[in-house]
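As given, the protein sequences belong to chains Z and H, one line each in that order. In terms of this note's numbering, the first sequence has 370 at position 370, counting the first letter as 1, and numbering is strictly consecutive. In terms of this note's numbering, the second sequence has 246 at position 246, counting the first letter as 1, and numbering is strictly consecutive.
Quick caveat, the hints were computed from the structure, so don't treat them as lab data. As the structure is a prediction and not an experimental result, all values here were calculated from the model. It cannot be assumed that every hint is accurate.
Since copy identity is lost for identical chains, a pair holds within one copy or between any two.
[Stated by the list, open to error] List of simulated lysine to any residue pairs, SDA-like, C-alpha gap at most 20 Å:
#1 K184 x G308
#2 K58 x R29
#3 K257 x G75
#4 K223 x V211
#5 K208 x E227
Number of protein chains: 2
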Amino acid sequence: MSTIENLNMDRVQSDEIARIMMSIGRAARAATAELANASTQTKNHALKAMAGEIRTHKQDILAANQQDVKEAKQGNISSAFLDRLILTEDRVADMATSLEVIADLADPVGQVMAEWTRPNGLHISRVRVPLGVIGIIYESRPNVTADAGALCLKAGNAVILRSGSESFHSSQAIHTCLTAGLSKAGLPIAAIQLVPTTDRAAVGILLKDMVDYIDVIIPRGGKSLVERVQREARVPVLAHLEGLCHIYVDKAAQIEKAIAITLNAKMRRTGICGAAETLLIDRAVLDTHLKPIIGALVDAGCQVRGDGMARAIDDRIEPATEQDWTTEYLDAIISVKVVDDVDGAIEHIRHYGSHHTDSIITEDQHTADRFLKEVDSAIVMHNTSTQFADGGEFGMGAEIGISTSRLHSPGPVGAEQLTTFKYVVRGTGQTRP
Amino acid sequence: MSTIENLNMDRVQSDEIARIMMSIGRAARAATAELANASTQTKNHALKAMAGEIRTHKQDILAANQQDVKEAKQGNISSAFLDRLILTEDRVADMATSLEVIADLADPVGQVMAEWTRPNGLHISRVRVPLGVIGIIYESRPNVTADAGALCLKAGNAVILRSGSESFHSSQAIHTCLTAGLSKAGLPIAAIQLVPTTDRAAVGILLKDMVDYIDVIIPRGGKSLVERVQREARVPVLAHLEGLCHIYVDKAAQIEKAIAITLNAKMRRTGICGAAETLLIDRAVLDTHLKPIIGALVDAGCQVRGDGMARAIDDRIEPATEQDWTTEYLDAIISVKVVDDVDGAIEHIRHYGSHHTDSIITEDQHTADRFLKEVDSAIVMHNTSTQFADGGEFGMGAEIGISTSRLHSPGPVGAEQLTTFKYVVRGTGQTRP
């Protein structure tokens with residue numbers, strides 16, 4: 001391993017990548033015992049020291065980011081992508097603040113979730129413990145390096161970060177600050193490791209070959225990552241996949257709420273996973289409710305695509321194809337479909353949804369309850385905007401994202417959701433009859 | 001599919017097996033909505049009707065079991081295996097009673113786990129919902145067919161059962177009673193399906209190809225199943241794997257407790273996953289504590305294998321090899337290793353344990369707390385027997401088994417652990433600033 005520094009990591013041979021990855025895995029696993037036993041004070045000391053390092057090395061981070069931006073601009077990238085990639089002095093300052101916010105959160109490790117005493121006197125408690133080693137594969141948003149690293153540490157985990165290639169230099173500069181913070185607190189620097197190559201072979205190794213070293217992989221990304229994970233993963237996965245969020249305007253919807261919520265759900269920020277992508281509207285209020293909603297969206301600069309019935313009401317609607325119902329636009333585009341009643345809405349979401357976040361607009365409590373019960377998503381909402389699908393908005397502090405996995409912890413994933421638990425049984429000599 | 005009944009399922013071609021499995025998967029998925037919305041009353045009606053069917057068809061079940069036993073005896077099977085396979089009138093009666101016990105458990109579906117109101121007035125609750133479709137792969141214990149089918153139904157799930165081949169006829173006869181019970185309650189019979197072939201190709205399809213139809217696979221079995229699952233699984237797994245449980249006798253152990261607990265943990269029932277397989281003993285009490293413990297074990301008919309230091313104390317101990325530290329005997333055999341203090345015990349368990357259940361015997365509270373904190377198993381115990389690792393003993397009612405997975409729900413898995421949750425957000429028109 002002594003010659004690694006001399007290699008161009010992007011061209012290193014795949015057996016060398018496998019060796020590097022296994023070495024990272026072993027170091028992460030070796031760090032888990034110390035991390036699980038680290039005090040809240042020590043972890044928070046590290047988090048605050050990381051914030052200080054980021055402030056001190058702001059210029060280094062910005063310079064690394066400029067290199068990323070320069071290289072990215074040579075490729076075929078969207079303005080939304082560029083916006084997510086670019087760091088400014090303010091964004092770096094926010095990153096440091098975010099680390100301090102995570103330091104101030106309650107430490108989930110050691111929390112007693114439940115406890116009871118059995119008739120035979122055995123005292124049983126269910127206690128939160130770290131998950132162990134977490135692998136995070138994310139796309140090119142540099143702040144994820146700091147947020148994800150910090151949240152994993154807060155929950156007592158070791159983390160292996162695999163940054164998107166376009167933000168690789170930024171991630172490296174940020175990662176340097178994180179490890180400096182770990183050192184200052186006396187924690188093992190293997191607590192937060194960054195995969196030192198952008199070669200996609202490293203992702204395959206993370207997904208397939210590191211069963212002994214990784215307890216869970218969290219992929220944060222779009223369709224191509226989803227497909228790769230589903231095809232290759234042998235390690236348990238907590239998926240943070242696309243948000244194909246729906247707003248359903250029921251026949252008992254109040255029109256002002258329907259307009260305001262749809263506009264907010266689609267247009268407040270179009271690039272987040274909680275942004276609405278499809279508007280479902282009850283055929284019974286097509287004539288009264290659709291036109292004003294479309295008007296508000298179009299006025300805000302949104303392109304609208306719809307089925308034949310919707311287009312017959314409003315000629316600003318362009319034709320939608322089957323593909324529109326399964327597309328996470330992450331852009332100022334919305335698809336509109338006319339459905340028969342709440343049953344039609346539930347059926348559409350069951351068929352096309354991504355189990356992320358869906359909202360019904362109605363004044364009819366019975367209809368709302370049916371939607372909330374029968375729509376099978378991590379987050380179901382009544383009379384509010386899907387853009388509230390966010391750990392901060394839920395009061396959970398910082399988050400890694402919204403899990404769309406059914407196992408473990410659907411919905412916002414913060415420090416608490418990055419833990420698991422064990423049962424502690426205290427006896428006085430009991431044997432089982 | 002109309003010719004299936006006419007085929008010898010064991011010899012059916014693998015593409016036909018794939019077709020059958022996909023058809024089972026589609027039917028299970030299609031049943032989930034109705035099951036998730038089924039009332040507690042309807043599910044309990046089905047469970048009680050199943051119990052009645054099992055009592056009515058007791059002779060059919062026993063006849064099917066006799067066929068299994070006859071075929072099994074032609075192979076090379078152990079007496080412990082045969083004991084798990086054989087059904088008696090009493091065991092069939094217990095199976096029916098167990099279904100009624102499950103009917104009487106609280107329904108986890110719809111339970112509000114937590115709720116809170118945000119400053120903006122949004123009311124958020126975390127509500128238990130079914131996992132969806134569960135696949136269970138189990139070895140030849142016929143009662144699992146009834147228990148697992150019933151627990152999955154109680155939690156509102158559809159289940160695909162893959163019985164061990166040696167208990168296949170018994171499982172079919174029991175499964176017939178379960179579907180009759182579903183029918184009587186008006187629930188879809190696809191709620192509990194039994195894979196109609198013992199061909200091992202079906203297991204591969206369950207693990208690899210049914211990502212769209214199965215939400216989680218629960219494998220219950222020994223090492224060969226473990227290895228296959230780790231190699232092949234693409235579907236999320238909640239593993240119920242081997243229990244390599246340890247008893248650690250610390251220098252501050254009270255000798256009577258150490259004897260009674262070790263004897264109970266090893267010998268009460270040797271064939272269950274919570275049975276102790278390795279005794280770790282603190283070098284400081286080797287001279288005083290080991291001999292009486294070994295004496296009690298040997299008197300009870302246990303074979304003892306140990307390291308050199310243990311053998312120097314007691315010549316009834318046979319030599320242990322490296323393999324003994326990783327062997328789940330499930331038999332009247334125990335391995336003994338001398339360790340340095342609680343640190344040596346923690347280190348040994350970290351290296352050789354299976355994250356199932358481990359217990360420390362000591363009167364030193366500080367040492368106990370270190371063991372309970374640092375041993376990274378689903379269940380950690382102080383001054384009591386590992387044989388208490390059981391959902392019933394925890395007060396959770398019936399269980400499928402003890403999960404050794406870190407994600408979702410380590411430890412005993414009952415009806416509650418077969419659920420997940422969703423967030424229900426109720427607003428009055430809030431939009432996100």
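Checked hints:
no. : hint        : verdict
1   : K184 x G308 : neither (63 Å within a copy, 44 Å between copies)
2   : K58 x R29   : neither (31 Å within a copy, 52 Å between copies)
3   : K257 x G75  : neither (42 Å within a copy, 70 Å between copies)
4   : K223 x V211 : between (24 Å within a copy, 16 Å between copies)
5   : K208 x E227 : both (14 Å within a copy, 14 Å between copies)
Taken one by one, the earlier hints fail for this structure at numbers 1, 2, 3, listed in ascending order.
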